[in-house]
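First to last, the protein sequences are chains A and B. Note that numbering that gives the first Met the number 0 has the first sequence beginning at 0, numbered continuously upward. Note that numbering that gives the first Met the number 0 has the second sequence beginning at 0, numbered continuously upward.
Source of the hints: derived by calculation from the structure; they are not laboratory data. If you're wondering where the values come from, they're calculated on a predicted model, not measured in any experiment. It cannot be assumed that every hint is accurate.
Dumping the calculated EDC-like pairs for lysine to aspartate or glutamate here, alpha-carbon to alpha-carbon at most 20 angstroms [what the hints assert, rightly or not]:
(1) 44(A) with 116(B)
(2) 44(A) with 210(B)
(3) 113(A) with 23(B)
(4) 156(A) with 116(B)
(5) 156(A) with 185(A)
(6) 17(A) with 2(A)
(7) 111(A) with 23(B)
(8) 27(B) with 95(A)
(9) 21(B) with 107(A)
(10) 7(B) with 51(A)
(11) 27(B) with 96(A)
(12) 44(A) with 162(A)
(13) 44(A) with 22(A)
(14) 21(B) with 96(A)
(15) 113(A) with 78(A)
(16) 31(B) with 90(A)
(17) 156(A) with 177(A)
Covered stretches of chain A (in silico footprint by chain B; criterion: 3 or more residues with CB under 8 angstroms from a CB of chain B, positions within the stretch not fixed) [what the hints assert, rightly or not]:
(18) 46 to 52
(19) 85 to 94
Beta carbons are placed, not taken as given, at the ideal position from N, Cα and C, and that holds for glycine.
In case you want the letters, here they are:
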Amino acid sequence: MIEIKNIHKTFGDNHVLKGISAEFKEGICNLIIGGSGSGKTTLLKCMVGLHEPDEGSVIYDGRDFTRMNFQSRIEIRTEIGMLFQGSALFDSMNVEENIMFPLNMFTEQHRKEKLERVNFCLERVNLVDKNKLFPAELSGGMKKRVGIARAIAMNPKYLFVDEPNSGLDPKTSIVIDELIQELTEEYKTITIIVTHDMNSVMGIGENIIFLHDGEKWWEGSNKEITSTDNQELNDFVFASKFMRSLKKNK
Amino acid sequence: MIFHPLGKYILLLKAVFRKPEKWDIYRKEIFKEMNSIGIGSLGIIAIISVFLGAVTTVQTAFQLVSDLIPKSVIGGIVRDSSILELSPTISAIVLAGKVGSSVASQIGTMRVTEQIDALEIMGINSPGYLILPKIIAAITTIPLLVIISIALSIMGGFLAGTASGAVTTHDFINGLITDFIPYTFTVSMVKAVIFAFIITSVSAYQGFYTDGGALEVGQSSTKAVVISCIAILFSDYVIAQLLL
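This is chain B alone, in the form it adopts within the complex (with noise of 0.2 angstroms):
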């Protein structure tokens, strides 16, 4: 069952990366398609960073009830969490619902409305045109949407420590800079490029292959969203194994 789909969506990725008819037209989209993921996500994955940082560092704050715990761990805990997991996962979960439903329903409102089919008339490829595009845009935009979340998520968990007489200023950034593994950020920009790449190829394969009208493109703008976040979390599992 899982098969047939899983054919078609290889079959288009083949058909996305085939050679461009044109690479001014693709480099124009390409940098469209970066102003509306890159600079239209920024908003919402500023306001989520910081509050991830900050209730984890409450948290971590709150379970911390040994003295023999120096409350520098706070800082490290909120650093590591932030890097490995929070920013990109939490990140690319709330990009999933923003840029995977749009994609997923702009491409397949053009698929119901014939605009694909007129593409193909043309000559064009239509998957390399509509596509390619918003991959290339979201692996590169993503892994900095992520590297901004990081250092808001740690200014959120640093602004919540201090002012809640949780940890010290000190303390807090003691803990960040002590045992710092530059590794783990590796790590994360892996995640963000994988993740990017499945938010937009999976959003696009759902919308490219609708069949109907618009309440086809709701159908298929909700399964691109919730295909994508299993397909998140699944590979960040398996990124996790393989890496650390």
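Chain A on its own, in the form it takes in the complex (with noise of 0.2 angstroms):
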């Protein structure tokens, strides 16, 4: 489980990150929702390390990331998996030496050993024989999934998702969702995703947590979140024409 207690963050003058307070259970895909700029991208930068809370602790199966030293971190950080929201494939490396990069740095295993973990993660994104295709030759959702891939890499513990969905079309992005639901099922991993699409928190949401300036206003489920009356959430859900009419349908 990972435990995120009492998280402030700030930047200047503007207080990003409000004591937020969440867990986050394993096998199930936890969603981190909310409007542009409402802090959702920096809290799980925190939760990752990218950036330090100026008070609260992130705690992974008991141990406080935020109270770790660089080389403590290390142990924790080789657990990690994370898809960024540009994939952030290494622009000189083909899609092989991407993914087998974790697995060059940190194991000891042959080449061919190496090999045939790429080509399993490859199998697992529906990305075979892709091996040798460079970023720029890949589109969107293929770069998604080679990011997925890299983060699979290492069987991780911990898997982060930072907007999967964005640049994707709709039938993309629901592959996506489905391919992130599947791995966090199959290897119950702790999966954070953060989005704002409102078609992933329909169809992967088993717990959100709705972030307001800065703030915890709302945690629940996707069967829960239509019904509920938080005005904040109502707003940033039933934001378009069309899921307003479903509500007034139902």
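Dock chain to chain to rebuild the complex, using the hints, since each chain is given by itself in its own frame.
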């Protein structure tokens, strides 16, 4: 389980996170949702150590990540897989080298074993035989899938996903969402997804945290989200005419 | 005002020189960078060196109007100017433009496209992985480039001098071998190593702390070249004061 306790983060005069606490369980997709500027990506970055929170703790299975030094954090970081909004594939490496990179850095496996693992990961994300392509030769959806393959290469216990659907068409978005959900259930990872895509929320949001203005305003599941009386959440969920009409018909 | 970036630069260097995760991977990166910095810059260094030597010969001959000064002096002046100043300093300024801007924009692009964040999430010391191979490659290949530059500069001077009739072959070679102080070559190599460190570390710093998008990557690249050039000229003066 990952626990965050009373996380505060300020950039200059801008108090972005105001004492957020939550728990994220394994084997389900935990979603952090909220409007632009609500602090969800900052929260994710605080959790993985890309930002240092001003106050509060991030605890990975009883290990307080925020109090660790660089060397101690490496152990936890090798258990983390992350898919970035823009995929963040290394431009100078082909697909195979991108996925093999963490294996090269942190394992003593032979090349044959590493290649088997790479091919397994590529098969898992339906990209067989794309080993030698470079990121510039991939479509947005393929980049996301390579990003997922790289994130799962080390068999992570914790999977972080930042805006998995940004820049993708609705059909590809659903494929990516379903893939993340399948991997989460299959490997029992603790998966935390930052999104503002309502298809993702309704499709895979088993545990949802809604942030508004740097605070946690609501927590529940996709089954509960449409029936809440929280005004800010309703404004977010039913922002489009289409969603409002669905609610009216219901 | 200068202390904040200076502190950040020192802290970045501290992270750069942290123990590498795996030497094998770093070694491969070092060879890749040596190829890029060394072989990749050979052409431009060769061209500017030949012309530097040629211009030095022609202009020195133009100023030597007295019959009391032997023409062989031209060879000595071209030799010492090339070794002490022209080859290390001008090469370093050209390399600040070529290598420095490339390093800053490469690392800057990695920063704005979250590739550096991806490295850090994996538990990799990103300053070490990205910057250390470039520094090692530069401080090994740039002195070699300077040696080649010295040789080509003298050759350029010889060709220009003899072709224009400003100096005879005998006088030029006589000037080259007369009163040669090997220590000047040591000073030249010290300069080359320090300039190589400045070019890569300053440019990497500018790239590493890029914040924003494509526009900021371009700005970092420009700043890297400008600051590297100033730092090269300042350290050139300091080295000359200390070692000569």
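Kindly indicate which numbered hints from before are broken by the structure, ordering the numbers from low to high. none
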